[in-house]
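Trainee: Modelling step: build the complete structure from the supplied sequences, incorporating the hints.
There are 2 protein chains.
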Amino acid sequence: MESRAARLTLAYDGSRFAGWQLQPGQRTVQGVLEVALEALAGEPLRAQAAGRTDAGVHAEGQVVGVRLPEGRRLPLKALVQGLNGLLPEDVAVREAAFVPDGFDARRSARGKRYRYRIWNRATRCPLRRGTHWQIFPPLDCEPMRRAATALEGEHDFQAFRSADCPAKTTVRRLDRVAVAPGEPGEIVVEVRGTAFLKHMVRNVVGTLVEIGRGKRPEGDVPRLLASRDRRLAGPTAPAHGLCLMEVYY
Amino acid sequence: MESRAARLTLAYDGSRFAGWQLQPGQRTVQGVLEVALEALAGEPLRAQAAGRTDAGVHAEGQVVGVRLPEGRRLPLKALVQGLNGLLPEDVAVREAAFVPDGFDARRSARGKRYRYRIWNRATRCPLRRGTHWQIFPPLDCEPMRRAATALEGEHDFQAFRSADCPAKTTVRRLDRVAVAPGEPGEIVVEVRGTAFLKHMVRNVVGTLVEIGRGKRPEGDVPRLLASRDRRLAGPTAPAHGLCLMEVYY
Numbered sequence: 001m002e003s004r005a006a007r008l009t010l011a012y013d014g015s016r017f018a019g020w021q022l023q024p025g026q027r028t029v030q031g032v033l034e035v036a037l038e039a040l041a042g043e044p045l046r047a048q049a050a051g052r053t054d055a056g057v058h059a060e061g062q063v064v065g066v067r068l069p070e071g072r073r074l075p076l077k078a079l080v081q082g083l084n085g086l087l088p089e090d091v092a093v094r095e096a097a098f099v100p101d102g103f104d105a106r107r108s109a110r111g112k113r114y115r116y117r118i119w120n121r122a123t124r125c126p127l128r129r130g131t132h133w134q135i136f137p138p139l140d141c142e143p144m145r146r147a148a149t150a151l152e153g154e155h156d157f158q159a160f161r162s163a164d165c166p167a168k169t170t171v172r173r174l175d176r177v178a179v180a181p182g183e184p185g186e187i188v189v190e191v192r193g194t195a196f197l198k199h200m201v202r203n204v205v206g207t208l209v210e211i212g213r214g215k216r217p218e219g220d221v222p223r224l225l226a227s228r229d230r231r232l233a234g235p236t237a238p239a240h241g242l243c244l245m246e247v248y249y
Numbered sequence: 001m002e003s004r005a006a007r008l009t010l011a012y013d014g015s016r017f018a019g020w021q022l023q024p025g026q027r028t029v030q031g032v033l034e035v036a037l038e039a040l041a042g043e044p045l046r047a048q049a050a051g052r053t054d055a056g057v058h059a060e061g062q063v064v065g066v067r068l069p070e071g072r073r074l075p076l077k078a079l080v081q082g083l084n085g086l087l088p089e090d091v092a093v094r095e096a097a098f099v100p101d102g103f104d105a106r107r108s109a110r111g112k113r114y115r116y117r118i119w120n121r122a123t124r125c126p127l128r129r130g131t132h133w134q135i136f137p138p139l140d141c142e143p144m145r146r147a148a149t150a151l152e153g154e155h156d157f158q159a160f161r162s163a164d165c166p167a168k169t170t171v172r173r174l175d176r177v178a179v180a181p182g183e184p185g186e187i188v189v190e191v192r193g194t195a196f197l198k199h200m201v202r203n204v205v206g207t208l209v210e211i212g213r214g215k216r217p218e219g220d221v222p223r224l225l226a227s228r229d230r231r232l233a234g235p236t237a238p239a240h241g242l243c244l245m246e247v248y249y
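Protein chains in written order, with my numbering: chain B, 1 to 249; chain C, 1 to 249.
The hints are simulated quantities; they were obtained by calculation from the structure and are not laboratory data. Do not rely on the hints blindly, as some may be mistaken.
Since the list can't tell identical chains apart, any single copy or any two copies may satisfy a pair.
Claimed, not checked - Subject to a maximum C-alpha distance of 20 Å in a straight line, what follows is the list of computed SDA-like cross-link-like pairs (lysine to any residue):
(1) K198 to L225
(2) K77 to Y248
(3) K215 to G42
(4) K168 to Q158
(5) K198 to C165
(6) K77 to T123
(7) K168 to R106
(8) K77 to A47
(9) K77 to G182
(10) K77 to R121
(11) K77 to C125
(12) K77 to F136
(13) K198 to M245
Everything numeric in this text was worked out from a predicted model, so none of it was measured.
Mentor: Printed below as a string of structure tokens:
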């Protein structure tokens with residue numbers, strides 16, 4: 001049957017999902033979205049995301065490509081409302097648009113922006129436990145900010161990818177790595193780049209937090225990049241602090 | 001046994017609580033706190049809150065009075081850490097302080113500050129579904145802001161209290177009712193006052209939202225106050241948008 005390419009912008013609370021990607025027996029964002037798409041379209045549809053977020057990672061602006069059957073000409077507004085009526089409360093479609101036939105949510109993307117949120121107080125914060133990494137000892141934001149700028153530009157990020165990262169090459173370009181205070185108690189790390197290795201943002205944040213705690217010198221980043229050794233960089237920051245904010249095309 | 005008066009500042013995510021107050025067979029904040037206090041003190045202790053928040057209402061700065069047995073002289077820091085180790089993840093003690101013997105968390109309070117958060121976008125926001133009231137049609141913030149100022153000062157708030165409010169008098173003083181945009185898509189209502197009637201903040205917010213939607217004239221507040229008629233004011237805004245931010249002594 002003829003079909004027409006569309007893209008959906010999705011927001012989700014990653015807490016109760018085993019990540020984006022379809023996995024048998026697991027609740028995934030792709031899984032619940034494809035159930036809703038099939039209910040609306042009357043036939044199975046495949047959804048392809050710009051970024052396959054890990055278990056627990058949130059999204060404000062995930063982008064998903066889908067081919068809609070031409071037979072049922074559904075206006076975009078009805079598509080958004082229909083899907084939102086069918087989706088569970090932890091996923092929502094923010095908008096929908098038709099795109100040229102060659103559109104590929106993943107390959108057509110020019111870049112992505114992630115936000116990582118840290119809650120830096122001596123006591124737990126119940127209302128932020130699902131969205132922030134709680135760090136009890138005080139972090140010094142300024143060394144973190146300066147260290148982050150050393151990550152900007154094109155580098156070999158071998159030292160910042162997970163052991164099971166399947167990518168063949170490890171050179172990536174980060175356009176912006178910014179560390180800034182948010183509301184009182186909050187530190188926000190924003191990372192924008194063309195493409196990312198597995199756990200790359202979380203490994204960057206884990207390393208910056210060690211710098212903020214004074215456990216690692218702020219000038220350490222160039223040495224880590226040059227080492228290409230994952231064991232030298234910091235720990236992987238937890239998934240629930242991370243949010244995919246935007247995908248650029 | 002001798003005892004010493006202390007006050008605890010609490011934060012909690014109200015989502016899974018049937019409110020502050022002890023109720024048989026229900027999970028309440030007072031219930032889980034008293035369990036933790038007894039485990040730490042070795043004897044049952046009673047906790048008294050400044051404000052008995054309703055089911056679903058959150059807190060960043062609830063204040064609780066408790067009499068600690070003198071027998072076990074526990075430093076305040078150990079008290080905070082001990083309680084936080086015993087409390088579930090949706091409640092935390094932010095700080096503790098010794099207070100004069102006559103301290104009564106409720107009666108000694110000079111005032112309280114609440115925040116109500118609205119998410120005003122055409123689509124649901126999964127990451128804010130537990131903390132914001134989702135309003136789909138666009139709200140006009142300016143009329144809401146102007147209407148809110150008419151609530152400031154000393155007034156009879158009979159029209160803004162719930163039918164089952166037990167208070168004998170209905171005159172209260174609000175020092176500040178401020179409506180302002182927060183992050184993009186967010187509208188924040190801040191209310192500071194000496195004392196509050198049951199559902200008063202939520203009824204105020206429900207009325208302001210009708211004004212923001214243009215369903216009610218912005219000059220309506222003086223008429224509502226004068227009417228002393230609950231049926232004339234707006235609906236009760238949902239509990240999950242409300243947060244007790246601070247108690248003043």
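Trainee: If the cutoff is 20 Å on CA atoms, where do K77 and C125 land: within, between, both or neither? Let me know, please.
Mentor: Between copies only: 17 Å across chains, 38 Å inside a chain, cut-off 20 Å.
Trainee: Is it within a copy, between copies, both, or neither that the alpha carbon of K77 lies no farther than 20 Å from that of R121?
Mentor: Classified as between; 14 Å across copies, 43 Å inside a copy.
Trainee: Within, between, both or neither: how does the pair K77, Y248 come out at a Cα-Cα threshold of 20 Å?
Mentor: neither (22 Å within a copy, 48 Å between copies)
Trainee: When no copy is specified for K168 and Q158, does a C-alpha distance of 20 Å or less occur within a copy, between copies, both, or neither?
Mentor: within (11 Å within a copy, 69 Å between copies)
Trainee: First find the shortest C-alpha distance between K215 and G42 inside one copy, then the shortest across copies, and answer within, between, both or neither for a cut-off of 20 Å.
Mentor: neither (56 Å within a copy, 39 Å between copies)
Trainee: Can you tell me if K77 and T123 fall within 20 Å by alpha carbon in one copy, between copies, both or neither?
Mentor: between (44 Å within a copy, 11 Å between copies)
Trainee: Are the CA atoms of K77 and F136 at most 20 Å apart within a copy, between copies, both, or neither?
Mentor: Result: close only across copies, 14 Å inter versus 45 Å intra.
Trainee: If the cut is 20 Å between Cα atoms, do K198 and C165 qualify within a copy, between copies, both or neither?
Mentor: within (5 Å within a copy, 55 Å between copies)
Trainee: Should K198 paired with L225 be assigned to within, between, both, or neither, using CA atoms and 20 Å as the limit?
Mentor: within (16 Å within a copy, 59 Å between copies)
Trainee: Given a CA cutoff of 20 Å, do K77 and A47 count as a within-copy pair, a between-copy pair, both, or neither?
Mentor: So K77 and A47 pass the 20 Å test inside one copy only (18 Å; across, 51 Å).
Trainee: Could you place K168 and R106 in one of the four classes (within, between, both, neither) given a Cα distance threshold of 20 Å?
Mentor: Intra 16 Å, inter 63 Å, cutoff 20 Å: intra-copy only.
Trainee: Is it within, between, both, or neither for K77 and G182, if the alpha carbons may be no more than 20 Å apart?
Mentor: neither (34 Å within a copy, 27 Å between copies)
The structure shown violates the earlier hints numbered 2, 3, 9.
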